[in-house]
Amino acid sequence: MINHIVFIFIFLLGFYAILVKKSLIKMVIGLNIMEGAIFYWFIAITDRGGIIPIVQSTQVAFNLNDPIPQALILTGIVIGASTSAFLLTLIIELNKFTDSTNPDQLGGIIED
Amino acid sequence: MSRIKHISIVIILAFLGLIMLLDLNKIPNQFEYANSIYHHITNNAVGETGSLNFVTAILYDYRAYDSMGESTIIFGAVSGIVLLLSRKTLPVSSHGLSFIVKRTYGMLTPFIFLFSVYIIAHGHLSPGGGFQGGVILGAISIIFSIVYGSEFDYKRYTPTTKTLLETSGALLFIGIGLIGIIYSGSFLSNLNILNSEPGSLLSAGSIPFINLGIGFKIGAGLAIIFYSMIQKTFKEEASL
Chain A
52 MINHIVFIFI FLLGFYAILV KKSLIKMVIG LNIMEGAIFY WFIAITDRGG IIPIVQSTQV
112 AFNLNDPIPQ ALILTGIVIG ASTSAFLLTL IIELNKFTDS TNPDQLGGII ED
Chain B
2 MSRIKHISIV IILAFLGLIM LLDLNKIPNQ FEYANSIYHH ITNNAVGETG SLNFVTAILY
62 DYRAYDSMGE STIIFGAVSG IVLLLSRKTL PVSSHGLSFI VKRTYGMLTP FIFLFSVYII
122 AHGHLSPGGG FQGGVILGAI SIIFSIVYGS EFDYKRYTPT TKTLLETSGA LLFIGIGLIG
182 IIYSGSFLSN LNILNSEPGS LLSAGSIPFI NLGIGFKIGA GLAIIFYSMI QKTFKEEASL
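Just so you know, the sequences run in chain order A and B.
Residue 52 is where the first sequence starts when you use our numbering, and the numbers rise one by one after that.
Residue 2 is where the second sequence starts when you use our numbering, and the numbers rise one by one after that.
Watch out, some of these pointers could steer you wrong.
A few chain B positions that, by computed beta-carbon distances, are all more than 10 Å from chain A [stated by the list, open to error]:
#1 116
#2 175
#3 184
Which residues of chain A face chain B? A partial, calculated answer using Cβ under 8 Å [what the hints assert, rightly or not]:
#4 66
#5 71
#6 105
#7 118
#8 119
#9 121
#10 125
#11 126
#12 129
#13 130
#14 133
#15 137
#16 144
Derived from the structure by calculation, the hints contain no laboratory data.
Even glycine gets a Cβ: it sits at the ideal position worked out from N, Cα and C.
One chain only, chain A, in its complex shape:
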């Protein structure tokens, strides 16, 4: 229950940043906050209260946490970093043409 509340709060905080902020870079930061909320929630709800899924020897240890969500989230983190880098590059290119990262000012400049 507390995991869901924290997840929804952080997720909607990032969504609020995307809706309200007047800078494209801050909107990318909001997108990253939403990603972070999803990663946190996915790890938290699959928590078994065990130890990290690394064993010391070939003996089977029990009460390990589930390694599959951790592997999936590792994939998600890498893809999130790639998309963030690409979005920031697009903003750099946009800033070269318009000298602004405000999405409200883009339309008028393109009309010129």
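Go by the hints and put chain B onto chain A.
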């Protein structure tokens, strides 16, 4: 006007959060099934792959094909960024920080490199792996640019070297996959002939080599991304 807009957005988001909370409460707290894949992996992963780190065993053995697609996404992002920010000549850059910082970082660089190689090479034994160690490897190039100036980074760790490292990492990954076809008939199957006692450095079949390829690929890819971005920034500052 702006205040009314903000308040209405907050109210709409609060309703959205309430609906999400009502839906998420339907998720069961425990995911317990008798024959789930969790039990298979925790019971058999050491015997099947030789890796003590189960996350690494999943990433580079059970779903190694997916990890290859993941590294292809990194490659796509690097390609797009270099295409957008391509620049032929080296711009005038800053000359870095003070003498003390330069000497201190000069002493620290070998240890940072050693740490990244340790994280990459012990990916199947301890927390870490190719992606994590590769990020530290990419950070070396970033601190080169900040501490010594991007001209030093360009001369000592040229874009050609970075491209070569990234391509060789990808080719190592795909080459191990092709050897898997010859060895046991399926792409990226674990080369069990390289197995030894679990817990030693060269133990988990092809997993350490895939880690090495991924590590160099990610490190060089992040260095290329940072170099492309910083190059553009310095050019704009110089033109002002």
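Going through the hints against the structure:
{"no.": "1", "hint": "116", "in the structure": "holds, 19 Å"}
{"no.": "2", "hint": "175", "in the structure": "holds, 18 Å"}
{"no.": "3", "hint": "184", "in the structure": "holds, 23 Å"}
{"no.": "4", "hint": "66", "in the structure": "holds, 7 Å"}
{"no.": "5", "hint": "71", "in the structure": "holds, 6 Å"}
{"no.": "6", "hint": "105", "in the structure": "holds, 5 Å"}
{"no.": "7", "hint": "118", "in the structure": "holds, 4 Å"}
{"no.": "8", "hint": "119", "in the structure": "holds, 6 Å"}
{"no.": "9", "hint": "121", "in the structure": "holds, 5 Å"}
{"no.": "10", "hint": "125", "in the structure": "holds, 6 Å"}
{"no.": "11", "hint": "126", "in the structure": "holds, 5 Å"}
{"no.": "12", "hint": "129", "in the structure": "holds, 6 Å"}
{"no.": "13", "hint": "130", "in the structure": "holds, 6 Å"}
{"no.": "14", "hint": "133", "in the structure": "holds, 4 Å"}
{"no.": "15", "hint": "137", "in the structure": "holds, 5 Å"}
{"no.": "16", "hint": "144", "in the structure": "holds, 5 Å"}
Every hint, counting from the list given before, is met by this structure.
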